[in-house]
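Undergrad: Each chain, letter by letter, is given below.
2 protein chains.
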Amino acid sequence: MKIILDAMGGDYAPLSPLEGAARAVKELGVSIVLCGDEAKIRQAAEEKQIPLDGITILPAEDVITMEDQPTAIMKEKKNCSMSVGLQALSSGEGEAFVSAGNSGALLVGATMITRRIKGIKRAAMAPLLPTGNGHAILMDGGANLECRPEMLEQFGIMGSVYMDKVMQLPMPRVAIINNGAEECKGRELEQEAYKLLDADDLNFIGNIEARDIPSGDADVLVTDGFTGNIVLKLYEGLGKFFGSKLKEMFSGAGKIGAVFMRDKITDFKDSFDYKKVGGAVLLGIQKPVIKAHGSSDGEAFFHAIRQAKKCADGKVCETISESLAARKAAQSAAADES
Amino acid sequence: MKIILDAMGGDYAPLSPLEGAARAVKELGVSIVLCGDEAKIRQAAEEKQIPLDGITILPAEDVITMEDQPTAIMKEKKNCSMSVGLQALSSGEGEAFVSAGNSGALLVGATMITRRIKGIKRAAMAPLLPTGNGHAILMDGGANLECRPEMLEQFGIMGSVYMDKVMQLPMPRVAIINNGAEECKGRELEQEAYKLLDADDLNFIGNIEARDIPSGDADVLVTDGFTGNIVLKLYEGLGKFFGSKLKEMFSGAGKIGAVFMRDKITDFKDSFDYKKVGGAVLLGIQKPVIKAHGSSDGEAFFHAIRQAKKCADGKVCETISESLAARKAAQSAAADES
Numbered sequence: 001m002k003i004i005l006d007a008m009g010g011d012y013a014p015l016s017p018l019e020g021a022a023r024a025v026k027e028l029g030v031s032i033v034l035c036g037d038e039a040k041i042r043q044a045a046e047e048k049q050i051p052l053d054g055i056t057i058l059p060a061e062d063v064i065t066m067e068d069q070p071t072a073i074m075k076e077k078k079n080c081s082m083s084v085g086l087q088a089l090s091s092g093e094g095e096a097f098v099s100a101g102n103s104g105a106l107l108v109g110a111t112m113i114t115r116r117i118k119g120i121k122r123a124a125m126a127p128l129l130p131t132g133n134g135h136a137i138l139m140d141g142g143a144n145l146e147c148r149p150e151m152l153e154q155f156g157i158m159g160s161v162y163m164d165k166v167m168q169l170p171m172p173r174v175a176i177i178n179n180g181a182e183e184c185k186g187r188e189l190e191q192e193a194y195k196l197l198d199a200d201d202l203n204f205i206g207n208i209e210a211r212d213i214p215s216g217d218a219d220v221l222v223t224d225g226f227t228g229n230i231v232l233k234l235y236e237g238l239g240k241f242f243g244s245k246l247k248e249m250f251s252g253a254g255k256i257g258a259v260f261m262r263d264k265i266t267d268f269k270d271s272f273d274y275k276k277v278g279g280a281v282l283l284g285i286q287k288p289v290i291k292a293h294g295s296s297d298g299e300a301f302f303h304a305i306r307q308a309k310k311c312a313d314g315k316v317c318e319t320i321s322e323s324l325a326a327r328k329a330a331q332s333a334a335a336d337e338s
Numbered sequence: 001m002k003i004i005l006d007a008m009g010g011d012y013a014p015l016s017p018l019e020g021a022a023r024a025v026k027e028l029g030v031s032i033v034l035c036g037d038e039a040k041i042r043q044a045a046e047e048k049q050i051p052l053d054g055i056t057i058l059p060a061e062d063v064i065t066m067e068d069q070p071t072a073i074m075k076e077k078k079n080c081s082m083s084v085g086l087q088a089l090s091s092g093e094g095e096a097f098v099s100a101g102n103s104g105a106l107l108v109g110a111t112m113i114t115r116r117i118k119g120i121k122r123a124a125m126a127p128l129l130p131t132g133n134g135h136a137i138l139m140d141g142g143a144n145l146e147c148r149p150e151m152l153e154q155f156g157i158m159g160s161v162y163m164d165k166v167m168q169l170p171m172p173r174v175a176i177i178n179n180g181a182e183e184c185k186g187r188e189l190e191q192e193a194y195k196l197l198d199a200d201d202l203n204f205i206g207n208i209e210a211r212d213i214p215s216g217d218a219d220v221l222v223t224d225g226f227t228g229n230i231v232l233k234l235y236e237g238l239g240k241f242f243g244s245k246l247k248e249m250f251s252g253a254g255k256i257g258a259v260f261m262r263d264k265i266t267d268f269k270d271s272f273d274y275k276k277v278g279g280a281v282l283l284g285i286q287k288p289v290i291k292a293h294g295s296s297d298g299e300a301f302f303h304a305i306r307q308a309k310k311c312a313d314g315k316v317c318e319t320i321s322e323s324l325a326a327r328k329a330a331q332s333a334a335a336d337e338s
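As they're listed, the protein sequences go chains P and Y.
Using the numbering used here, read the first sequence as starting at 1 and increasing by one per residue.
Using the numbering used here, read the second sequence as starting at 1 and increasing by one per residue.
Hints listed in this document are in silico derivations from the structure and should not be mistaken for laboratory results.
Hints are supplied without guarantee of correctness; some may be wrong.
What the hints assert, rightly or not - Simulated restraints on C-beta separations: (1) P:Lys-26 to Y:Asp-263: 43 to 51 Å; (2) P:Thr-56 to Y:Asp-270: 53 to 61 Å; (3) P:Arg-148 to Y:Lys-247: 57 to 65 Å; (4) Y:Asp-263 to P:Ser-271: 18 to 26 Å; (5) P:Asp-263 to Y:Arg-42: 21 to 29 Å.
What the hints assert, rightly or not - Quick partial rundown of chain Y residues pointing at chain P, CB under 7 Å, derived from the structure: (6) Glu-146; (7) Arg-187; (8) Ala-210; (9) Ile-230; (10) Lys-233; (11) Glu-236; (12) Leu-238; (13) Phe-241; (14) Gly-243; (15) Met-249; (16) Lys-264.
Where is the CB? At the ideal position from N, CA and C, for every residue including glycine.
Using the sequences plus the hints, can you model the full thing?
TA: Put into structure tokens, the structure is as follows:
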């Protein structure tokens, strides 16, 4: 399997993408197409003695930065590494794409170049939140600030396919993030989405209050991108906050306490570490596209590549497409009958 | 000073309100008007030998439950303890009101019976979130699911007055919870509210991302009630989640570790304990109204009563009213000039 990787995205490019790529070749048996500045990539490989076996370089002149407007990927930066990678994905030069670059540009590029799955209204940026019993996928984590009920329904469908095919969780529990558990709760958006999801064949368990997210009461968390962004960022902020509180706690623990606690704190931090999970998957695009964290190191890139491979192996995009087609056929049949 | 207390609200009524009242009389030098079922109150006082010095009982026949519709307070439950208490507040029989009962009913009752401050569009339910440097007030924590920009502006004004007068924090930093720091970020709601708050004489510091809330980067967090509810509940849920993780960590710590850690864990839990903060204040009502947590014990009621006293002492409602009047006068003067 070939995974395409944006060598120029993220805070430590191209070194970290390169490290992740080399490890993925060795441990996952994939080959990597690395898009970006060939001279810089070769220089980093030489300096750090990273072997380029199993890695081909796809040259790209330009780089889209965090300061660029998302739409620049279709205009003045159309020859950037991210765009070149997405074009390669579309033309079948690889089965999935990973980038740690500008999120907005990745969303625009994936939608305009690789394109959405037929019938999908909007692609969602779907991060995985750590919970008491594993992970929950957040649909949408920030791609679409304002949503219509049908978009939330599709988020539920896509998130279910992901949890089933990639996380090996059959019949994942789907819930709408809401201000109360009862069906009547929320704004018109949540109330209408409730009806749509309830009539669907998903394992829809109703509304979930935000306080029940961390314990893992649902596997697919459906919400608009504004709310999703708040949930994601607060998770991140509180995780960091608690981590620093923990450190404070043990600053007075003495040597024995400190040694004992070091491992515990590491375990705790690991459970909130995005590096081990991979990235946020862009669901609704025709091929798997993974957004790695901007500050990804080699390990984080390795996990993002592994996640991309799992998406391709699990045929996530194909399953979403088939699921939508089957729904449409069922609706037509029902309409014909009536 | 007289504080009116709903004796029938909360999971442990009337015992917990009674305990809180007795302690408040002793430690704060206030007198308490306790509304509710006189027989039950006297029975609880006798059984637990709680002195009724400084406490007068205002009899109320009925109780509004958590299952009742909020509007029931104006109709079939108009003789409930919450309604009787709010009427007493309006007629000047006390300077502030505390209840741990049905939040929706308290909002409806306070708005319809005690009434809003002139010029205030909507009252907000304002809880205090623990942060790295104290507390931030969340405006709105769930009273108004959908808001207009002018409502968010007023939330900023009211929250500023509260932090100044009750928390002794002059010129508190006001920020809009948003999906990015830049002025252009967010939905139309956040963009328009940004302009209004920016033109105001508050200490407006712009947008805050949810990840920066826990470290205490702002003192007044402005948002719609839907988003506010998500923030509040996720704070609560993650606090609980980390608390249980901490416990797990030390289950293998041995005796010495366990003893050492017990105090640390208690400190940590205390910093997230609503019981020590008081309740959520209903800002925008003509007199101070405090919503105590439903599961409040005697200590939590004591702190809610103390918070009510601070609101009355600090003349929070009067200051909000004056602030709005001054703004209106300035606007009229500006209109006359042009």
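Undergrad: State for each hint whether it applies.
TA: Evaluation of the provided hints:
1. P:Lys-26 to Y:Asp-263: 43 to 51 Å: 48 Å, holds
2. P:Thr-56 to Y:Asp-270: 53 to 61 Å: Check passed, 57 Å falls within 53 to 61 Å.
3. P:Arg-148 to Y:Lys-247: 57 to 65 Å: 43 Å, violated
4. Y:Asp-263 to P:Ser-271: 18 to 26 Å: Between Asp-263 (chain Y) and Ser-271 (chain P), where Cβ atoms are some 24 Å apart, the hint holds.
5. P:Asp-263 to Y:Arg-42: 21 to 29 Å: Violated, since Asp-263 (chain P) and Arg-42 (chain Y) (Cβ atoms, about 57 Å apart) do not stay within the stated range.
6. Glu-146: 6 Å, holds
7. Arg-187: 5 Å, holds
8. Ala-210: 4 Å, holds
9. Ile-230: 5 Å, holds
10. Lys-233: Lys-233 (chain Y) check passes; min Cβ-Cβ to chain P is 4 Å, inside 7 Å.
11. Glu-236: 5 Å, holds
12. Leu-238: 5 Å, holds
13. Phe-241: Holds, about 4 Å.
14. Gly-243: Because about 9 Å separates Gly-243 (chain Y) from the closest Cβ in chain P, which is outside the 7 Å limit, the hint is violated.
15. Met-249: 5 Å, holds
16. Lys-264: 5 Å, holds
Of the numbered hints listed earlier, those contradicted by the structure are 3, 5 and 14.
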